[in-house]
Amino acid sequence: MDLTPAIDRWFAAEAREVLPFQRTAWAASLAGRSGLIHAPTGSGKTLATWLGPVQALAAEHGASRPPGLRVLWITPLRALAADTRRGLEAALAALGLDWPVELRSGDTGQAARARQWRSAPTALVTTPESLSVMLSSKGAAEYFARLHTVVVDEWHELIGGKRGVQLELCLARLRALAPGLRTWGLSATLGNLAQARDVLLGPGVEGELIEGRVPRPVVIDALLPQDPSRFPWAGHLGEAQLGAVIEALETARSTLLFTNTRSQAELWHAALVGARPDWADTLALHHGSLDRGLREQIEARLAAGELRCVVCTSSLDLGVDFHPVEQVLQVGSPKGVARLLQRAGRSGHRPGGVSRVLCVPTHAFELVEIAAARRAAGLGEIEARVPLTLSLDVLAQHVVTLATGDGMQPEALFEEVRRTHAFAELTREQWQWVLDFVTRGGPALAAYPQFRKVVIGNDGIGRVEDTRIARLHRMGIGTISSDPMMQVKWLRGGRVGTIEESFIARLSPGDRFLFAGRVVELARVRDMVAYVRAAKARTRIVPRWQGGRMPLSTALADSVLALFGEIPAGRLEAPELPVLGPMLALQARWSRLPSPQELLVETVQTREGHHLFVYPFAGRLVHEGLATLLAWRLMRDAPATFTLSVNDYGFELLSPAPPPLPADGLDGLLGDDTLLADLLECINASEIARRQFRDIARISGLVFQGYPGAQKSTRQIQASSGLMFDVLTRYDEGNLLVEQARREVLESQLEFRRLADTLARMRAQRTVVCRPVRLTPLAFPLWAERLQTQIMSSEDWRTRVLRMAGELERAADETAAAKARAAHA
Amino acid sequence: MPEGAHELLLDGERLLLHPARAVLWPAAAMAIVADVHLGKEGVFAAHGMAVPRGPSRDDLTRLGELVDAHACTRLLVLGDLFHGASGVDDALLDAVTAWRAARPGVRLLAIAGNHDRPELQARSAGLVEWCRDDLRERGFAFRHEPGVVPDAFVLAGHVHPVCRLGTVGRDRLRMPVFWQRPGCLVLPAFGSFTGGWTLRPAPEDRLYGVGPDAVIPLKMLGALQ
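Line by line, the protein sequences are chains A and B.
Note that our numbering has the first sequence beginning at 1, numbered continuously upward.
Note that our numbering has the second sequence beginning at 1001, numbered continuously upward.
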């Protein structure tokens, strides 16, 4: 059956036209080709992908239901799955096709899954993790054998991380099960679209790269403070901007207010409700830790146009169109160009609309970042998302996944995984190590007779025979990183959401905090559930969720540096400049302005100790590497202890004693002749690799985290990844996962190449050491926002303990003295 | 006094807090440890988690060194000598047997902790003298879980106490501690494959931090955290 007339009638009835890129995509799909479509949200890319296989199947089967599962639609967020399913179903209904489309995610009940497994729908919408779980089930080979097309939605969200690697492996499996399978990806704009396509399709496969409708123009504005001279360079959360934000909210029917962290979202929601109690019913909060039911209610009310404003995080970055949204606000640094464009795109979905985002800076330097984002967007400098390679933790998980399902044949699987971009360079030795890891518990431990994760049978097929291990493995599938999470419930019943266990652990019953837009009081903790009750008093205590912080993207950091270079020459014509003036003048008066020709170094002494600030403007990741390297080189010669903090502009080394700086400044410390060797030693001397090991341990199945409420039955096998790292480092020297942690640190954390380039640039600059009497505008954000500090020390344990104990003693004495004074007064 | 140890006088009895995460009671020629968790890596392996062998053997060696160096005639484990049945295989029991054979004059006593299931006690009955909770000797009561016993000073384990020293943004350290509360001393976990529970000391508590080669009393606990 030819669907073309039906499609034309449908489009005509809705007064739409078939877009050229949609026709191109359909034709390519019908010709049996694969590819990547990049187009903004709401531009018709779903239909461009969906109607290709639908036409092919109708040509084959007419209107009758094609047997078996034919289209698999993978979406990175569970929240998007339901909406996607509705979209696919609507198209089928409009074309008169009565084919079932179903949903499968972690939320799908046992009974529904079993039914789907017995009788496959024509199309299934699912997540990468659920796909892995399906591949870990018996009968997967048969289930996927008739697959015609696999669609990966929002591929740009997946490609840069380990979820992307996991999906590459699953796609390779699907291609082996269903020869001739077409793969189609959908992506927002990226700096490396062609590579994104190649990674999706696997090396050596030719595919299409189809550009969707030209994106709407994006306007990036900044909410400039009315009195520039009073704009805080050391401000907090930009609540000074509250009045102006409220004015902006008054102008639009519906606004999305994005923040960068869940904590900020809670605080902004509380501030808005406090300032406008009359809006309380139309102000909502949306972030990833809230209970799914709550989130869905808010999404429904937003879609219905009932909400004036939703304060949200990246939880609303993707997918679903909310047509009533007229305005998008971004609080705090945009962090990345692509991300800001994506958020801007959440407004003005109507055809011909302009996407506009109003950025609300929370301190003065964010004005620079906003201007830099506008500049980069104008020049088309969009971030690339670099695909990961050789993530052996993900490979180990995948091998066990397949062994849990229909079994895996090692030789065939080696060839199969080498057909992915991630493992194209996998060596035999690495593969053997992974096999040993899952079949014998690692090469160093042939002595475990009872190690039976994957058992290779007489037929040469590896299987997981122990049902308990299979169950544990299925629970652990997934590569999204997170801390152990605790459920939060009302004392009187009902779920509120989830919070990192580490936050709850710091609270005592009776402590209050902001959560889900309410002030709640911790009542008690039982079996990994925190019970709370509503409280009246105000509080500013907010859970600090892990993972909410993100570094400025490289593209944006480069753009910031370029802007700084233009400021002194008066070539910067951004509207933000007049506001920045006073702050820059202060920086110049107290210290000096950074410039491309000079490396600015500041030393300051405070009650905390001796601070050394260095500003290379190379982005947070490089700064982390530089800070570690410098600390290590400084303390190599003389015992010292440093606390390291970094941000996107520079880094800080704090020490209790004056740092042993060479008389000639930093030059002697910036050499790169022993760089690689020094970095490797740094990694061993610092906490970085141990930290990096966290995800690796979980993904590879070395630590078991379970999920909220599941911990009780698995208490016997709880160990922190840090402890695991120490044990492996000590008892299994050649462990490739430990090595992978070091490699990941070197390649992605420390960005070795960029670090070498930065060192070279710093050596070429003239070092200027300033000694301001107090923290400068550049130094303050580093000091105030110490996020993830790292300690490096070459002092002995006893010295450090005695010093810290002495500090605590002095602090206690001062408190006691203050109390005594207060009592006398 | 052994190097790095800290002396504690309790009701006239002299105890030494040893950096090996042990208490020495010289008057009774006794070494006391808590939470050894032998066989923990084996339990993980039995669940398909590839932890290398090594920690248990190391811990046995360290126990031997402790007992030998201080001429103890008794080693008392305050519970959780073993981690779980699936991790205690013949090789591990053989190692314990060899440990005993090398020290014919040393008794190995253990209070049954929550991890020492009856099955494990039965399998190791010839190697370990299993004792009930509240073992009494002179003024002391030896238990697995911390608590208060009338007319006795309690020595216990179970919670793996750890303390965090320092402040955000400055130097910080996390270390196992001896945790002294009124009427009770809680020992740090002895096992090298054990985690810790970060405690929040009450004002009347005292902590003794354990470093690589010394035990140091930590004062001013009210200022912690």
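Read the hints as simulated data drawn from the structure, not as lab findings.
Heads up, the beta-carbon is just placed ideally off N, CA and C, and yes, glycines get one too.
Certain hints may be false.
One-sided excerpt, in silico: chain A residues whose CB lies under 8 Å from chain B [unchecked claim]:
#1 T643
#2 L669
#3 A719
Hint check:
1. T643: Because about 6 Å separates A/T643 from the closest Cβ in chain B, which is inside the 8 Å limit, the hint holds.
2. L669: violated (21 Å)
3. A719: holds (6 Å)
When the structure is compared with the earlier hints, a violation turns up for hint 2 alone.
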